[in-house]
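**Q** Residue numbers (the numbering used here), protein chains in the order written: chain W, 1 to 113; chain P, 1 to 114.
No lab work stands behind these hints: they were computed from the structure.
Any given hint could turn out to be false.
[To be verified] Think about it this way: if two alpha-carbon atoms lie no more than 30 Å apart in a straight line, the pair counts; the simulated DSS-like pairs of lysine-lysine are:
| id | chain 1 | residue 1 | chain 2 | residue 2 |
| --- | --- | --- | --- | --- |
| 1 | P | K57 | P | K71 |
| 2 | P | K14 | W | K42 |
| 3 | P | K14 | P | K57 |
| 4 | W | K67 | P | K57 |
| 5 | P | K11 | P | K57 |
| 6 | W | K42 | P | K57 |
| 7 | P | K11 | P | K71 |
| 8 | W | K42 | P | K11 |
| 9 | W | K56 | W | K42 |
| 10 | W | K42 | P | K71 |
| 11 | W | K56 | W | K67 |
[To be verified] So these bits of chain P aren't anywhere near chain W, every CB distance computed over 12 Å:
| id | residue |
| --- | --- |
| 12 | I12 |
| 13 | G16 |
| 14 | Q17 |
| 15 | P70 |
| 16 | E83 |
| 17 | T114 |
For clarity, every value in this text was computed on a predicted model and none was experimentally measured.
Beta carbons are placed, not taken as given, at the ideal position from N, Cα and C, and that holds for glycine.
What follows is each chain in one-letter form.
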Amino acid sequence: QKEVEQNSGPLSVPEGAIASLNCTYSDRGSQSFFWYRQYSGKSPELIMFIYSNGDKEDGRFTAQLNKASQYVSLLIRDSQPSDSATYLCAVNPLDFGNEKLTFGTGTRLTIIP
Amino acid sequence: DTGVSQDPRHKITKRGQNVTFRCDPISEHNRLYWYRQTLGQGPEFLTYFQNEAQLEKSRLLSDRFSAERPKGSFSTLEIQRTEQGDSAMYLCASSLAAGPYEQYFGPGTRLTVT
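Extracted from the complex, chain W is given alone in its bound form:
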């Protein structure tokens, strides 16, 4: 079983709509959760992190965390063509000596003008 699972997509969303990206994780000890955006040929760029159950909003982005269901999601409102990228979900168990990020394979998002 993969530790962090994402739907690889591609996910196509019309411009101006809401894009919803989902991620599940297997390690119940995971403490913090990150969303990275990666454009083709570039390195990952941190866009959101969350560590408490519930929603966290930052501009057009909302991260949602449900630790009981081991589920984290990212909503992008008013999607723009510049949002077209691969979105990587990452989790960190935050155990001392085990604080690496474990990534999913990413969801490729395409915003259709």
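Given chain W's structure and the hints, the job is docking chain P onto it.
**A** Chain P only, in chain W's frame:
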């Protein structure tokens, strides 16, 4: 304010040669991480340092790979006797040793082994 920097950005080498990559973290960050990413996959953890101490190494890191951070600032990753399977993007990230430990990535070094 400068982010994480990596050098070189691209490296083409022949199988069997040794290569070394450098990473300079964000100046106030005392944690430094190395990841490797292949096409269609998420980054995979290789190793990380807090200051000059190497705290964890992945099982992915064979004996041909070695990483150092001698003065707790920049780090180097060396691959000896490169193989074609080593072709990947090598990513460096840094973070503070506190809080949710959000990691910021450098631009990466793309290695091609021919």
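**Q** Are the hints correct? Go through all of them and say.
**A** Here's how the hints hold up against the structure:
1. For the proposed pair P/K57 and P/K71, the alpha carbon gap of about 19 Å is at most 30 Å, so the pair holds.
2. Using a Cα cut-off of 30 Å, the hinted pair P/K14 and W/K42 holds, with the two alpha carbons roughly 24 Å apart.
3. Taken as a hint, the P/K14 and P/K57 pair is honoured in the structure, with Cα atoms around 26 Å apart against an allowance of 30 Å.
4. Straight-line distance between C-alpha atoms of W/K67 and P/K57 comes to about 27 Å, which keeps the hinted pair within the 30 Å bound.
5. Annotation: proposed proximity of P/K11 to P/K57 holds, straight-line Cα distance about 23 Å (limit 30 Å).
6. For the hint linking W/K42 to P/K57, the alpha-carbon distance of about 25 Å falls within 30 Å, and the restraint holds.
7. Between the alpha carbons of P/K11 and P/K71 the distance comes to roughly 25 Å, so the proposed pair stays at or under 30 Å and holds.
8. Proximity of W/K42 to P/K11 is assessed by CA-CA distance (about 15 Å); at most 30 Å being required, the pair is judged to hold.
9. Distance check on the hinted pair: W/K56 and W/K42 sit about 26 Å apart at the alpha-carbon level, within 30 Å; holds.
10. For a cut-off of 30 Å, the pair hint linking W/K42 to P/K71 stands: about 29 Å separates their Cα positions.
11. A distance of roughly 14 Å separates the Cα atoms of W/K56 and W/K67; the hinted pair therefore holds under the 30 Å criterion.
12. Non-interface call for P/I12 relative to chain W: holds, since the shortest CB-CB distance, roughly 16 Å, exceeds 12 Å.
13. No beta-carbon of chain W comes within 12 Å of the beta-carbon of P/G16; the shortest separation is about 27 Å.
14. A cut-off of 12 Å between C-beta atoms confirms that P/Q17 is not in contact with chain W; the least separation is 24 Å.
15. Remark: the non-interface label on P/P70 is consistent with the geometry, its nearest Cβ contact in chain W lying 21 Å away (cut-off 12 Å).
16. In this structure P/E83 is separated from chain W by more than 12 Å, as the shortest Cβ-Cβ distance comes to about 23 Å.
17. A cut-off of 12 Å between C-beta atoms confirms that P/T114 is not in contact with chain W; the least separation is 20 Å.
Figure legend: structure checked against the earlier numbered hints; every hint is met.
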